[in-house]
Structures are given as C-alpha cells and as structure tokens.
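These protein sequence lines are chains L and R, in that order. Quick note: the first sequence uses the working numbering, first residue 1, plus one each step. Quick note: the second sequence uses the working numbering, first residue 1001, plus one each step.
In short, the hints are calculated from the structure, not lab data. Careful, some of the hints might be misleading.
[Unchecked claim] Not the full set, but computed from the structure, chain R residues with beta-carbon under 8 Å of chain L:
no., residue
1, A1063
2, R1096
3, T1103
4, L1117
5, L1121
[As the list claims (entries may be wrong)] Per the computed footprint, the stretches of chain R lying under chain L, defined by three or more beta-carbons under 8 Å from a beta-carbon of chain L, are:
no., region
6, 1004-1016
7, 1046-1056
8, 1064-1074
9, 1079-1093
10, 1106-1113
[Said to hold, decoys possible] Between beta-carbon pairs, the in silico distance windows are:
no., chain 1, residue 1, chain 2, residue 2, range
11, R, D1105, L, D19, 18 to 26 Å
12, L, K15, R, A1071, 21 to 29 Å
13, L, D43, R, R1004, 54 to 62 Å
14, L, G7, R, Q1100, 39 to 47 Å
For clarity, every value in this text was computed on a predicted model and none was experimentally measured. Don't be surprised by glycine CBs; every beta carbon is placed ideally from N, CA and C.
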Amino acid sequence: MATAAAGAVAGAAIKVIADYVKSLGEPPEEVVRAFGRLEEFIDAYDARIQKLGAVPDPAGPLE
Amino acid sequence: MLARDRAWTTAAVALLLLALAVSCTSVRDTKSDVVGEYGDLVRRAEQVHAQWTQAAAAGRESAARVAAFNAFWVGVPASPTEEAALGFRGRSARIREQLQTTTPDSLAGIRAEIARLRAELDAWALTTTGGA
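Start from the sequences, fold in the hints, and give me the full structure.
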C-alpha cells in the first residue's frame, strides 16, 4: 500500500521532470520563439512607459 | 521486512523526484511571473499618468504638484539618489535591461524593485476628486 502510494508520487514527479526535460529539448527555433516572446513583452512594456512624457504643466509644457 | 525496505526506498526516491520536479517548475515559472508583475506595473503606471494628465488639463492640480509628479516620472538628473535621477521611466528602462540579462539569483532584486515602484505609484495615484 505504502509502496503503491510512493510509486504514484514518484510517477507524477517523473512526468513533471519529463515534461520539463522535453521542453528543453524542443527544436531551437521554438525555444528561441518562446523566449523571444517573453523578451518582446519586456520590450513592449517598457516602450509603453517611455512614450509617456512629462505631464503638460497647466502654465505651459515642460518637455 | 524486505517489503518495508522497498517501501521506504521508493518513498525516499519519490520525495527526491518531487523536490526536483518542484525545483524545475519554479525556476521555469519565475521569470514569466516577474514579467507578469512588470506588466501589471506598466498598466498601473499608464493609469496614474492618465489621471495626472487629465487633472492637469482640467486645472485640478497646481503647477507645483504637476512639477513634483513630473520629477517622479521623468527624474531629476542632479538628484543625490540614482532612483530620483532616473525617475519612473529610467527605472522602468533599468528593469527592462535587468530582465533581459537576468539570472534566477537576480530575479528577487528585480521583483523587489517592481514592488517599490508599485508602492510609489500608488502614493501618486489620484482620486476622481483630486488629491494624491
């Protein structure tokens, strides 16, 4: 009974590890694309901030 | 006895594998989690910036307060601290650079900076009736 339960946990853990290892072994272009998407998000987020300049002063523009 | 030994061995191996699995998934998830937090910060920043733009245009905020917000937003180069010199925009650019060259060890620092910026932004948030 205990062995069966431990085996089930080990099986689940092996599946998670296998999925992880499998994801590492994806074709390079897919890996690049996956990480590229994350980098694109980072760039796009910062670009949204950079395009917002100083708030126009009620008495005249500051920037 | 043999069955009990086998059960203990299997349980020990299962625990080790479980720890490894958790470790693998946490390392993999963390960077995307932090990027998600950065996205939340950006959305909040756009919201606060829009509040100030509208309040200034409607004359609900004084020139001095708008200038103070702008100092927070774009920075003041001669400031004694790097944060004040960079302003929100410069600090966002710094987060961008750090996220692109990040290691698992440096993610905690980036996450802390995002949390600091979020707190500072919240302090600058305006209500519809004005007032930070």
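Item to complete: Report the numbers of all earlier hints that the structure fails to satisfy, in ascending order.
Response: 3, 4, 5, 10, 12
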